[in-house]
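The chain contents come next:
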Amino acid sequence: MSSVCVLTPVIVGAWPAVAAAVASVAVSMGMSIVLPEELHGFDTTRERKKVITEVPNSDVLAEELGINEKISMVQGDTLIEISREAEGSIRVCVTGETLSKSELAKLGDQVAGRIVQQFAYHRLMEELKNRNYTIVEESVERDNSIQVRVRMGS
Amino acid sequence: MASQGPQFDIRIDAKGKMTVAISGVTGEECAKLSDMIAMIVGHESSREYTSEYRVPGTNVRITPTTTQETHSHIRTIDRPW
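Chain order of the listed sequences is A and B. Quick note: the first sequence, position 34, residue 34 per our numbering, numbers continuous. Quick note: the second sequence, position 30, residue 1030 per our numbering, numbers continuous.
Hints were generated in silico from the structure; no laboratory data involved. None of these values were measured; they are calculated from a predicted model. Please note that the accuracy of each hint is not assured.
Claimed, not checked - Residues of chain A clear of chain B, computed beta-carbon distances all greater than 12 Å:
{"hint": "1", "residue": "Val55"}
{"hint": "2", "residue": "Pro56"}
{"hint": "3", "residue": "Leu61"}
{"hint": "4", "residue": "Ala112"}
{"hint": "5", "residue": "Gly113"}
{"hint": "6", "residue": "Arg131"}
{"hint": "7", "residue": "Arg149"}
Unchecked claim - Straight-line C-alpha distance at most 27 Å; calculated BS3-like pairs for lysine-lysine:
{"hint": "8", "chain 1": "B", "residue 1": "Lys1032", "chain 2": "A", "residue 2": "Lys101"}
{"hint": "9", "chain 1": "A", "residue 1": "Lys49", "chain 2": "A", "residue 2": "Lys70"}
{"hint": "10", "chain 1": "A", "residue 1": "Lys70", "chain 2": "B", "residue 2": "Lys1032"}
{"hint": "11", "chain 1": "A", "residue 1": "Lys50", "chain 2": "B", "residue 2": "Lys1032"}
{"hint": "12", "chain 1": "A", "residue 1": "Lys129", "chain 2": "B", "residue 2": "Lys1015"}
{"hint": "13", "chain 1": "A", "residue 1": "Lys106", "chain 2": "A", "residue 2": "Lys49"}
{"hint": "14", "chain 1": "A", "residue 1": "Lys129", "chain 2": "B", "residue 2": "Lys1017"}
{"hint": "15", "chain 1": "A", "residue 1": "Lys70", "chain 2": "A", "residue 2": "Lys106"}
{"hint": "16", "chain 1": "B", "residue 1": "Lys1015", "chain 2": "A", "residue 2": "Lys101"}
{"hint": "17", "chain 1": "A", "residue 1": "Lys49", "chain 2": "A", "residue 2": "Lys129"}
{"hint": "18", "chain 1": "B", "residue 1": "Lys1017", "chain 2": "B", "residue 2": "Lys1032"}
{"hint": "19", "chain 1": "A", "residue 1": "Lys49", "chain 2": "B", "residue 2": "Lys1032"}
{"hint": "20", "chain 1": "A", "residue 1": "Lys106", "chain 2": "B", "residue 2": "Lys1032"}
{"hint": "21", "chain 1": "A", "residue 1": "Lys101", "chain 2": "A", "residue 2": "Lys50"}
{"hint": "22", "chain 1": "A", "residue 1": "Lys129", "chain 2": "A", "residue 2": "Lys50"}
{"hint": "23", "chain 1": "B", "residue 1": "Lys1015", "chain 2": "A", "residue 2": "Lys49"}
{"hint": "24", "chain 1": "A", "residue 1": "Lys70", "chain 2": "A", "residue 2": "Lys50"}
{"hint": "25", "chain 1": "A", "residue 1": "Lys70", "chain 2": "B", "residue 2": "Lys1015"}
{"hint": "26", "chain 1": "A", "residue 1": "Lys129", "chain 2": "A", "residue 2": "Lys106"}
{"hint": "27", "chain 1": "A", "residue 1": "Lys129", "chain 2": "B", "residue 2": "Lys1032"}
As the list claims (entries may be wrong) - Now the in silico label distances, taken between C-beta atoms and shown as ranges:
{"hint": "28", "chain 1": "A", "residue 1": "Val27", "chain 2": "B", "residue 2": "Arg1011", "range": "19 to 27 Å"}
{"hint": "29", "chain 1": "A", "residue 1": "Glu63", "chain 2": "B", "residue 2": "Met1036", "range": "25 to 33 Å"}
{"hint": "30", "chain 1": "A", "residue 1": "Ser102", "chain 2": "B", "residue 2": "Met1036", "range": "15 to 23 Å"}
Quick reminder that beta carbons are idealized off the backbone N, C-alpha and C, glycines included.
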């Protein structure tokens, strides 16, 4: 081993790249992505607890008008909405009835972290593939970390 | 190891923090690859070079950072007036 770098990923890109990362998060955390018209069940008059988390180091470029820059996921009666704020940062809004506010906050932090993880993974793998690197080993550990070994050539 | 070409061992934890170990290259090439990863991913928090970084025959040396201090001397001269 010649060097070891520790990096803090930055999410800079267009919404579709974020949406792809969010889709991966939904799959890996066992959540379902729901369309806006499927959200009526959550628009109840009952009071829902709400926690908002911002994804650190995120700056998403504005898309064309009319494109929906919001993705909703559900897990039980908990609704997780990921959206782009006006200034470009990514916001995770978690609302629910069953979970306590601290549990909702924990879930929001987990989702925010996993968005950064998935975005960084996809971005780095895409760039390395473009530079003729190949994935030779890949695994997801019990602590949900992703381990990848990449080498030059095929 | 150096003959196999560059290899990256990447770990991305659940909060997104990334650790990349580079092997199979030495010296300037290793430094360039480290820079490339940092450019793709984002902020580099730390970088550590290991003994493999410098092998005989390369011109790269790891030199510790030295701090030079400049001392100003103020001389007082005893004058008779």
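Hint by hint, here is what the structure shows:
Not every CB of chain B is more than 12 Å from the CB of Val55 (chain A) (nearest about 9 Å), against its label as outside the interface. Look at Pro56 (chain A): its CB is around 8 Å from the nearest CB on chain B, not clear of 12 Å, so calling it non-interface is violated. Against the 12 Å criterion, Leu61 (chain A) stays outside the reach of chain B, whose nearest CB is about 16 Å from its own CB. Not every Cβ of chain B is farther than 12 Å from the Cβ of Ala112 (chain A); the closest lies at roughly 8 Å, contradicting the non-interface assignment.
Listed as a non-interface residue, Gly113 (chain A) fails to keep its Cβ farther than 12 Å from every Cβ of chain B; the least gap is roughly 4 Å. With a minimum CB-CB distance of about 8 Å to chain B, Arg131 (chain A) fails to clear the 12 Å threshold, and the non-interface call is violated. Separation of Arg149 (chain A) from chain B is inadequate, the least Cβ-Cβ distance of about 5 Å not exceeding the 12 Å criterion. The suggested pairing of Lys1032 (chain B) with Lys101 (chain A) is violated, with an alpha-carbon distance near 46 Å, which exceeds 27 Å.
Of the pairs offered as hints, the one joining Lys49 (chain A) and Lys70 (chain A) holds, with about 20 Å between alpha carbons and a cut-off of 27 Å not exceeded. Under the criterion of a C-alpha separation no larger than 27 Å, the hint pairing Lys70 (chain A) with Lys1032 (chain B) is inconsistent with the structure, at around 38 Å. With a C-alpha separation of about 46 Å, the suggested pairing of Lys50 (chain A) with Lys1032 (chain B) is violated against the 27 Å cut-off. About 24 Å separates the Cα atoms of Lys129 (chain A) and Lys1015 (chain B), which keeps this hinted pair within 27 Å; it holds.
Distance hint between Lys106 (chain A) and Lys49 (chain A) is fulfilled; the C-alpha atoms sit about 13 Å from each other, no more than 27 Å. For the proposed pair Lys129 (chain A) and Lys1017 (chain B), the alpha carbon gap of about 21 Å is at most 27 Å, so the pair holds. About 21 Å separates the Cα atoms of Lys70 (chain A) and Lys106 (chain A), which keeps this hinted pair within 27 Å; it holds. Distance hint between Lys1015 (chain B) and Lys101 (chain A) is fulfilled; the C-alpha atoms sit about 20 Å from each other, no more than 27 Å.
Taken as a hint, the Lys49 (chain A) and Lys129 (chain A) pair is broken in the structure, with Cα atoms around 43 Å apart against an allowance of 27 Å. The suggested pairing of Lys1017 (chain B) with Lys1032 (chain B) holds, with an alpha-carbon distance near 21 Å, which does not exceed 27 Å. The straight-line distance between the Cα atoms of Lys49 (chain A) and Lys1032 (chain B) is roughly 49 Å, outside the 27 Å bound, and the hint therefore fails. Pair hint Lys106 (chain A) plus Lys1032 (chain B) does not hold up; C-alpha atoms about 38 Å apart against a cutoff of 27 Å.
Taking the CA atoms of Lys101 (chain A) and Lys50 (chain A), the gap is near 7 Å; set against the 27 Å cutoff, the hint holds. Between Lys129 (chain A) and Lys50 (chain A) the CA atoms are separated by roughly 40 Å; this puts the pair beyond 27 Å, and the hint is violated. This hinted pair checks out: Lys1015 (chain B) and Lys49 (chain A) have alpha carbons roughly 24 Å apart, not beyond 27 Å. With a C-alpha separation of about 17 Å, the suggested pairing of Lys70 (chain A) with Lys50 (chain A) holds against the 27 Å cut-off.
Distance restraint check for Lys70 (chain A) and Lys1015 (chain B): the Cα-Cα separation of roughly 21 Å lies within the 27 Å cut-off, and the hinted pair is therefore satisfied. For the proposed pair Lys129 (chain A) and Lys106 (chain A), the alpha carbon gap of about 34 Å is over 27 Å, so the pair is violated. About 17 Å separates the Cα atoms of Lys129 (chain A) and Lys1032 (chain B), which keeps this hinted pair within 27 Å; it holds. Between Val27 (chain A) and Arg1011 (chain B) the CB atoms are about 20 Å apart, so this pair conforms to the stated range of 19 to 27 Å.
Taking 25 to 33 Å as the suggested C-beta distance range, the pair Glu63 (chain A) and Met1036 (chain B) conforms, at roughly 28 Å. Under the hint 15 to 23 Å, the C-beta atoms of Ser102 (chain A) and Met1036 (chain B), about 41 Å apart, miss the expected range.
Hints 1, 2, 4, 5, 6, 7, 8, 10, 11, 17, 19, 20, 22, 26, 30 from the earlier list are contradicted by this structure; the remaining hints agree with it.
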